[in-house]
Amino acid sequence: MALNQKVFVLGLDGASPEIIESLIDRGRLPSFKALKDGGASGKLRTTIPPITGSAWSSFMTGKNPGKHGIFDFIYRKEGSYELSPISARMRNGKAFWTIATEADRKVCIFNVPVTYPPDPVNGIMVSGMLTPSGRNDFTHPFSIAKELDRVAGKYQIHITESYSRKQEDRFLKHLYEVTSKQKQAMDFLLSQEDWDLFVAVYQGIDVLQHELWHTYDRRHFRHGQYEERYIDVIPQFYEYMDSILCDVMDWCERENAILVVMSDHGAGALKKLFYVNNFLIKKGFLKLRKRVMTRFKHLLFRLGVSPMTFYHILLSVGLGRLKHKTRFGQGSSWLKKFFLSFEDVDWGTSKAYAIGSTAGQIYVNLEGREPGGIIRRGEEYKAVREEIIKELRGLTDPETGHHVIEEIYRKEELYSGPHTLTAPDIVFLPKGLEIVAFGEYEFASHRTLDYSRGLSSSHRMDGILMVKGAGLKSNSTIINGNIMDIAPTILYLMGLPVDPDMDGMVLKDAIEKEILEQNPIETGDLNTCSFATGEVYTKEEEEELKAHLKSLGYFE
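Each residue of the sequence shown is one higher than the last, beginning at 1 in this note's numbering.
Hint data in this document are derived by calculation from the structure and do not stem from the laboratory. Note that the coordinates shown come from a computational prediction; the quantities given were computed from them, not determined experimentally. The beta-carbon is built from N, C-alpha and C at its ideal position, and this holds for glycine as well. Accuracy of the hints is not assured; some may be wrong.
Taking lysine-lysine and the DSS-like style, the derived pairs with C-alpha atoms no more than 30 Å apart in a straight line are [stated by the list, open to error]:
1. LYS382 - LYS77
2. LYS382 - LYS337
3. LYS181 - LYS154
4. LYS33 - LYS173
5. LYS173 - LYS154
6. LYS106 - LYS183
7. LYS106 - LYS146
8. LYS166 - LYS181
9. LYS287 - LYS382
Ranges between beta-carbon positions, derived for each pair [to be verified]:
10. ALA103 - GLU434: 40 to 46 Å
11. TYR226 - ARG393: 36 to 42 Å
12. LEU421 - GLU522: 28 to 34 Å
13. LYS508 - ALA103: 21 to 27 Å
14. GLY153 - LYS77: 56 to 62 Å
15. TYR226 - ALA470: 47 to 53 Å
16. LYS390 - ARG254: 55 to 61 Å
17. LYS166 - GLU78: 42 to 48 Å
18. ASN480 - ASP194: 31 to 37 Å
19. ARG170 - ARG393: 42 to 48 Å
20. ASN136 - GLU399: 37 to 43 Å
21. ARG229 - ARG302: 38 to 44 Å
22. LYS390 - LEU300: 29 to 35 Å
Using the sequences and the hints given, assemble the complete structure.
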């Protein structure tokens with residue numbers, strides 16, 4: 001059997017292997033069960049840290065973040081300490097659909113995160129998460145945007161409602177409406193061409209889990225009698241995605257296409273937030289300016305006047321859905337007038353700072369890299385980094401006495417490639433990921449550790465992976481699958497050469513032995529591309545996207 005297969009990739013952002021297994025056992029996911037029984041499946045290890053922006057970039061390139069250059073949803077702008085959302089233009093390395101395009105295969109890429117601006121593929125691309133609202137250039141070709149509005153009744157990329165207590169029904173109604181529009185758009189796109197490669201991603205599971213995990217999980221500290229009425233909303237949405245999977249499986253059967261179902265990470269309970277910059281201040285690594293206004297804001301900060309204080313007030317009165325307008329996104333400019341921010345940091349005496357979401361990401365204030373860098377490369381850099389690591393290892397939760405941090409990495413232990421210099425110098429995972437390191441907004445709370453009153457779920461390192469089709473094993477287990485393995489595996493199944501610079505490997509566990517013997521893995525010089533630099537978003541769009549990320553739970 002010569003390999004030249006059609007491939008459909010269904011991405012379910014944040015889908016939990018534990019929930020799927022549980023619901024299969026209870027007979028609630030017949031399509032997932034049929035896929036598991038008829039194909040190969042296993043857990044899919046994601047990037048460290050387990051963040052959607054970097055994970056999907058590794059999915060599409062088959063490379064570690066040190067090569068593709070995306071470590072989070074945000075980055076520090078060169079020459080400043082200002083933070084900005086990432087875009088597809090920042091990504092180095094060809095996506096597997098670009099390689100397919102260059103091989104003259106017809107491709108359709110739908111709603112994948114971090115694909116704005118869209119690539120000029122041989123077919124259709126509809127960009128996903130991090131597409132600014134109001135833009136009509138989110139499709140290739142340009143005309144497809146109007147077609148999506150027509151077939152879906154005004155197509156929507158983003159889920160814009162957020163959870164607020166006693167407003168759950170409003171949030172759920174919006175979630176289903178947006179997902180339904182995306183399903184209508186996907187069905188329309190499927191009908192447009194004889195596709196060789198189709199990739200579609202749905203974000204609803206991830207958003208729902210971030211917002212309402214505490215209603216599903218009776219062990220969660222926020223679960224009570226009121227939450228019981230919503231205990232089944234997460235399983236019900238998995239059932240809805242099972243119905244979408246059923247239609248996709250029907251298409252794959254008609255087209256004799258291989259089906260890949262995967263998620264970029266898993267999910268679990270979120271209990272507490274770790275405010276990393278507050279920790280760095282307490283340990284003397286981050287210093288504040290001595291000017292009068294900074295001293296006044298710091299006094300208010302120590303008294304508990306912080307952005308999170310006002311956010312908790314919004315939650316308590318049922319206005320949590322307004323958080324993206326009143327917290328750190330669109331309101332960041334006025335927040336900095338009243339609350340501590342990086343504008344109040346004395347960079348001339350500060351050794352380190354934190355930015356990023358989900359896992360802890362600490363940057364040394366390095367001379368020649370940061371605009372106000374003071375730490376010299378070499379021995380001084382190593383000494384500062386080791387000192388911070390020592391303090392992290394000793395950090396305990398005063399309520400439990402347990403250590404907070406489970407895993408700590410120096411960047412060279414995780415990453416390789418040309419972007420390693422700009423990678424966070426220290427990456428750490430709090431214990432069980434039930435504590436999330438907060439580092440996106442500079443000083444959101446006056447506490448170092450505090451309970452999460454907004455989001456109730458955080459990411460986990462293992463997502464799902466299920467594959468089915470001609471030449472693939474049935475009812476078998478994939479061992480040690482990694483998100484970087486998806487790109488080379490798809491290229492191999494399509495009969496295309498694998499980029500030798502990819503860190504991922506073809507998933508041989510999923511493929512019949514005779515297929516591998518008859519079709520040796522080929523590599524080719526695919527000229528790793530470097531996307532054009534330059535600003536993608538306006539200032540207003542940057543603030544909008546930051547706000548949207550926070551409203552979805554990527555930054556608590």
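Hint by hint, here is what the structure shows:
For the hint pairing LYS382 with LYS77, the CA-to-CA distance comes to about 24 Å; that is within 30 Å, so the pair holds. For the hint linking LYS382 to LYS337, the alpha-carbon distance of about 35 Å lies beyond 30 Å, and the restraint is violated. Proposed proximity of LYS181 and LYS154 is supported: the alpha carbons are some 8 Å apart, at most 30 Å. Of the supplied pair hints, the one linking LYS33 and LYS173 holds, its CA atoms being roughly 27 Å apart against a limit of 30 Å.
Of the pairs offered as hints, the one joining LYS173 and LYS154 holds, with about 16 Å between alpha carbons and a cut-off of 30 Å not exceeded. Between LYS106 and LYS183, the direct Cα distance comes to roughly 21 Å. Compliance with the 30 Å bound is thereby established for this hinted pair. Distance hint between LYS106 and LYS146 is fulfilled; the C-alpha atoms sit about 21 Å from each other, no more than 30 Å. Between the alpha carbons of LYS166 and LYS181 the distance comes to roughly 25 Å, so the proposed pair stays at or under 30 Å and holds.
Among the hinted pairs, LYS287 with LYS382 is consistent with the structure: their alpha-carbon atoms are about 20 Å apart, no more than 30 Å. The hint said 40 to 46 Å for the Cβ distance between ALA103 and GLU434, and at roughly 45 Å that hint holds. Checked against the given bound of 36 to 42 Å, the beta carbons of TYR226 and ARG393, roughly 39 Å apart, stay inside it. At about 32 Å, the beta-carbon gap between LEU421 and GLU522 stays in the expected band of 28 to 34 Å.
Here the CB-CB span from LYS508 to ALA103 is close to 22 Å, well matched to the stated 21 to 27 Å. At about 38 Å, the beta-carbon gap between GLY153 and LYS77 misses the expected band of 56 to 62 Å. The hinted window of 47 to 53 Å between TYR226 and ALA470 holds, with their beta carbons roughly 50 Å apart. Our hint of 55 to 61 Å for LYS390 and ARG254 holds, since their Cβ atoms are close to 60 Å apart.
Distance hint check for LYS166 and GLU78: the Cβ-Cβ separation is about 45 Å, which falls inside the suggested range of 42 to 48 Å. At roughly 35 Å, the beta carbons of ASN480 and ASP194 sit within the given window of 31 to 37 Å. For the pair ARG170 and ARG393, the beta carbons lie near 44 Å from each other, so the given range of 42 to 48 Å is met. In this structure the hint that ASN136 and GLU399 lie 37 to 43 Å apart at CB is violated, the actual value being about 51 Å.
Between ARG229 and ARG302 the beta carbon distance is about 40 Å. The supplied range of 38 to 44 Å therefore holds. For the pair LYS390 and LEU300, the beta carbons lie near 32 Å from each other, so the given range of 29 to 35 Å is met.
The structure shown violates the earlier hints numbered 2, 14 and 20.
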